[in-house]
Every structure is written in C-alpha cells, then in structure tokens.
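Once you've looked at the hints, dock chain B against the given chain A.
In case you want the letters, here they are:
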Amino acid sequence: EAQVTQNPRYLITVTGKKLTVTCSQNMNHEYMSWYRQDPGLGLRQIYYSMNVEVTDKGDVPEGYKVSRKEKRNFPLILESPSPNQTSLYFCASSGGGSVYGYTFGSGTRLTVV
Amino acid sequence: AQSVTQLGSHVSVSEGALVLLRCNYSSSVPPYLFWYVQYPNQGLQLLLKYTTGATLVKGINGFEAEFKKSETSFHLTKPSAHMSDAAEYFCAVSDQSNYQLIWGAGTKLIIKP
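Chains as they are written, first to last, in the working numbering: chain A, 1 to 113; chain B, 114 to 226.
Here chain A stands alone, though its shape is the one from the complex (with noise of 0.2 Å):
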C-alpha cells in the first residue's frame, strides 16, 4: 500500500530533550516536507525537500532541523524543543509536484512540557 509512515504518533517530552519525529515513504517520491498544524492557523510549512540532499526552510523553520540522505526518508529534529513547539506535526510527499496531490502521514502529536 501506498503511504506515509510517520513515527512517534504520540509523543510527550520535557524541554531542551532532543527528539526525533520519522517519516519514511514508499512511492519513489522525490519532494518531501513537514507541516506543524495549530488551531486557527492552518497548516505551515517548516522544511521541504527536492530530492536527496536537497532541503530548504518553510514558513516556520526555526528550532527544526532535518535531512535527507535517502529518497524515502525525511526526519524531522528538534534538538532542543520548547513548549511553543507543542503541535500536531504532519509529513508529505509528492511525486511529480502539486499537481499529483499530496500524501499525508497520520500525523505526530508533540506535546512539550
């Protein structure tokens, strides 16, 4: 089956704790991001991906970082995480571009404390 496999899907933790929020597809999909989703506020995008070793910032990329050193793969770190990065966290993937529409993952809710 075609999908997004996002884990934790749940996740509480304390601040300044270094974590890591996986995702990992299995369609060839060259373009991968991440999105944090608050109330009120839509989804925003924090880091994009083009292909291997090709990222760039979304809208709101302070206090993440990610790589890409497989086409599948795109994790998502947050090395020292605060309160304000209590969200609901979701990967995509797409091949071929907007136009071929997006696959979500079920979503990882962060709690930070």
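Warning: the hint list may mix true and false statements.
[Unchecked claim] Calculated pairs, DSBU-like style, for lysine-lysine (alpha carbon to alpha carbon, straight line, at most 30 Å): (1) A:K57 to B:K191; (2) B:K221 to A:K57; (3) A:K71 to B:K221.
[Stated by the list, open to error] From chain B, some residues computed to sit far from chain A (all C-beta separations above 10 Å): (4) Q115; (5) E128; (6) P143; (7) K162; (8) E179; (9) S197; (10) L222; (11) I224; (12) P226.
[What the hints assert, rightly or not] Residues from chain A that keep clear of chain B, each with C-beta distances beyond 10 Å, as calculated: (13) E1; (14) I12; (15) G16; (16) T20; (17) V21; (18) N28; (19) L43; (20) P61; (21) E62; (22) K65; (23) K71; (24) I77; (25) N84; (26) G97; (27) S106; (28) T111.
No wet-lab data here; the hints were simulated from the structure. By construction, the Cβ of each residue, glycine as well, lies at the ideal position given by its N, Cα and C atoms.
Below, chain B without anything else, positioned relative to chain A:
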C-alpha cells in the same frame, strides 16, 4: 504574495442540507487549486483539484468545486450533507513552482442531526 482565504473557521449545516465552503485566492497567474479533507485523528487527503480544462470539478464523496477566475474563487459544495462529512476542509493553491502549496486556514464542517 499568494494567499488563500477560507471564509468561516466553522460551518454548521443540518444533515441533508447543502454544504458550501468558501475559498478565495490571490494569484497573478492561473493557479492549480485543491481541496483537502482531514477526518478526525487522520492526515489530510486530496478531495479534488483543478488544473486545466473544465472549471467544474468533481471529487470523492459527492463533493464538487467550481473555479471562477473572475471571482478568484474555488468554492466547495455538496448537495446533501451526511454525518460522515464532518471534518476539517482545507483549500490550497500551488505556487509558481507548482511543487509548493499555499494553504488556507481550514474550515471545520459540523453536521447537525
């Protein structure tokens, strides 16, 4: 800069009534336009899209949307609401690269029995 405006963060309709969710965009060139749906505790999935050709596009679950260039609108409609339509709906427009999407803030559709 491109932007997407969804009128109403919450829309409430009775079961069996017409559903109308409004989306207006700003773009200097003809865009690609999308509606995505997010059911509770799930990721987003593509509902329908306009790229070229016929301006009335049909999507899944009986939804359709009409691209009106003169009004810069792409409103989503469904003739008769079902309880299962309760979800959050996002309108999006492609940017010039046609890889990135500009998102609206979302409209939560509430269905009353």
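Do the hints match the structure? See the list:
In summary, the hint linking K57 (chain A) to K191 (chain B) is not supported, as the alpha carbons are separated by about 37 Å, beyond the 30 Å threshold. The straight-line distance between the Cα atoms of K221 (chain B) and K57 (chain A) is roughly 28 Å, inside the 30 Å bound, and the hint therefore holds. Restraint check for K71 (chain A) and K221 (chain B): not satisfied, since their Cα atoms lie roughly 34 Å apart, outside the 30 Å limit. Under the 10 Å C-beta cut-off, the non-interface status given to Q115 (chain B) relative to chain A holds; the minimum distance is some 12 Å.
At roughly 26 Å from the closest C-beta of chain A, the C-beta of E128 (chain B) stays outside 10 Å, upholding its exclusion from the interface. Interface exclusion of P143 (chain B) from chain A stands, the closest Cβ pair being 12 Å apart, more than 10 Å. For K162 (chain B), the requirement that its beta carbon stay farther than 10 Å from each beta carbon of chain A is not met, with the minimum near 7 Å. No Cβ of chain A approaches the Cβ of E179 (chain B) within 10 Å, the least distance being about 18 Å, so the stated non-interface status holds.
Residue placement check: S197 (chain B) keeps its beta carbon more than 10 Å from all beta carbons of chain A (closest about 19 Å). For L222 (chain B), the non-interface assignment is confirmed: its Cβ lies about 15 Å from the closest Cβ of chain A, beyond the 10 Å cut-off. With a closest Cβ-Cβ approach of about 20 Å to chain A, I224 (chain B) is found to remain outside the 10 Å limit, as its non-interface label requires. The Cβ of P226 (chain B) lies farther than 10 Å from every Cβ of chain A, with a closest approach of about 25 Å, so its non-interface assignment holds.
Listed as a non-interface residue, E1 (chain A) keeps its Cβ farther than 10 Å from every Cβ of chain B; the least gap is roughly 14 Å. Against the 10 Å criterion, I12 (chain A) stays outside the reach of chain B, whose nearest CB is about 17 Å from its own CB. Residue-level check passed: G16 (chain A) sits 29 Å from the nearest beta carbon of chain B, beyond 10 Å. For T20 (chain A), the requirement that its beta carbon stay farther than 10 Å from each beta carbon of chain B is met, with the minimum near 19 Å.
With a minimum CB-CB distance of about 14 Å to chain B, V21 (chain A) clears the 10 Å threshold, and the non-interface call stands. With a minimum CB-CB distance of about 16 Å to chain B, N28 (chain A) clears the 10 Å threshold, and the non-interface call stands. Against chain B, the non-interface label of L43 (chain A) is violated: not every CB pair exceeds 10 Å, the least being about 5 Å. With a closest Cβ-Cβ approach of about 14 Å to chain B, P61 (chain A) is found to remain outside the 10 Å limit, as its non-interface label requires.
No Cβ of chain B comes within 10 Å of the Cβ of E62 (chain A); the nearest lies about 19 Å off, and the non-interface call holds. Every Cβ of chain B is farther than 10 Å from the Cβ of K65 (chain A); the closest lies at roughly 20 Å, confirming the non-interface assignment. No beta-carbon of chain B is positioned within 10 Å of the beta-carbon of K71 (chain A); the least distance is around 16 Å. Against chain B, the non-interface label of I77 (chain A) holds: every CB pair exceeds 10 Å, the least being about 21 Å.
Once the 10 Å rule is applied to beta carbons, N84 (chain A) is consistent with being away from chain B; the minimum gap is 19 Å. At roughly 5 Å, the least C-beta separation between G97 (chain A) and chain B is not larger than 10 Å, which violates its mark as non-interface. A beta-carbon of chain B is positioned within 10 Å of the beta-carbon of S106 (chain A); the least distance is around 5 Å. The non-interface label for T111 (chain A) is consistent with chain B: the shortest C-beta to C-beta separation is roughly 15 Å, beyond 10 Å.
Against the hints set out earlier in the document, violations occur for numbers 1, 3, 7, 19, 26 and 27.
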